[in-house]
Amino acid sequence: MREFRYEKATDPAGAVALLAGAPEGAYLGGGTNLVDLMRLGVATPDVLVDVRTLTSTEVEDLPDGGLRIGAAVPNADLAGERRVRERYPLLAQALLAGASGQLRNRATTGGNLLQRTRCTYFTDTSMPCNKREPGSGCGAVNGFHRNLAVLGATVEGADSPHTCIATHPSDMAVALRALDASVRVLGADGERTVPIGDLHRLPGDDPSRDTTLAHGELITGIDVPALPWATRSRYRKVRDRASYAFALVSVAAALDLDGSTVRDVRIALGGVAHVPWRATVAEDALRGGPATEAAFAAAAEAELAAARPLTDNAFKVPMVTNMITRTLVQLAEARA
Amino acid sequence: MDRQITLQVDGAQTPLTVDTRTSLLDAMRERLGTTSAKKGCDHGQCGACTVLLDGRRVNSCLVLAVTAEGQEVTTSDGLAADGTPHALHEAFVDHDAYQCGYCTPGQITSAAGVLAEAAQGWPSAVTEDLVAGTTELTDAEIRERMSGNLCRCAAYANIVPAVADVATEQGVRA
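Residue numbers (the numbering used here), protein chains in the order written: chain A, 33 to 368; chain B, 187 to 360.
Don't read these hints as lab results, they were simulated from the structure.
Label-pair ranges, simulated between beta-carbon atoms:
(1) F176/A to A343/B: 29 to 37 Å
(2) D240/B to S240/A: 32 to 40 Å
(3) L234/A to Q356/B: 47 to 55 Å
Anything over 10 Å on all C-beta distances counts as not near chain B; from chain A, calculated:
(4) A75
(5) M159
(6) F176
(7) A330
Where a beta carbon is used, it is the ideal one built from N, C-alpha and C, also for glycine.
Using the sequences and the hints, build the whole thing.
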């Protein structure tokens, strides 16, 4: 592990100032991902600015009925928070589907959004990886990739500096994407708010960048807008073992019915792309139409029409199509 | 780069100078001689290093020692600090809930965390009613909540009833 200087600030602005002067530095939240990546030699910061308890550890009510979640709220506390369980079941379920009890106690809300892909080529410094070492190529595209992306990836051959089929590993972020959360960010020039759909980015021609944040920008909190019909929502996850594993595919969905018609719907997908994937094609197809299994399946298939699976992850396409359909059927039945 | 810290482990305060790269686990084992928490994977995947940090279970291999300043660390040994075995220690012996024993201190501290979380009404991924706010530690709940602790001897079949016994004693299981 590279040597690093450990710094603490007295307030968020102080932390931003410290990192502004450290181009190779990083913020330290719970450290459950970063410390591991440093030990593996994947992350090599020369300064760590400890922000684990520096931003808010509170969950506050917003005037519209939504919630403001401090970036330092641990994942376990957020899942245990009564208002989250009552207003946004899909968010509580997503948090509880992730990691282990020990990790959820330590991992922060802000850090969860910024965790790195678990692609095995990214975490193995002896392998080529455009995300870890830009220009080195992609070992996964012709290698082990059954866990990797089928939507929005850049596939130009193993030697291309652009190829990347990494997936975003967070469960929580998938639920927040379905809920249209916004991320509050503090930088050297002050505060700004980033819609969560604009936080993560597809690999495009620069797989090294996971997000649109500039160096030194600090996530201070997340606002989740009110969505009264999210009381009927669900997060479902398919993985290789029953607990404590990353998603092969996951679905976060909320359904609002007017009789047997879909008044509104939210669908986001995990395990299929470089970002938490919002299924807007499926949502548009369903809004105003019948809430039937056939309609749900047709909408899911329309969403996945854009999929470009590889040899060993093609199973994800029918798997996530079935997951979307089944989740919506269950929500429709729960509503009846 | 070195930094001076004071660690509080199982009730004892010890000032020491550590390289900032040192994990809490390594600081305990290599510097303080407190070997209750074990090093399994060193990646947060196996749970052998689990300790209570201010009463919450965490993987001590992923905690940098410099960040634990001012926090109370409790290992499995610390749960019996007065020389009296903890109810979980007794239950693990009664149920033969181990074979080689390497993962056991982590299993014990993790189970202590599970009991505290259940007493707070925290749900898990297998909890049917998220809103109820009460938790009954069924076998399925114990298995889910203990999934961050691996046992290569596969003593799970005895670990679950050991934890269940103490859950019943503590009123979080019928």
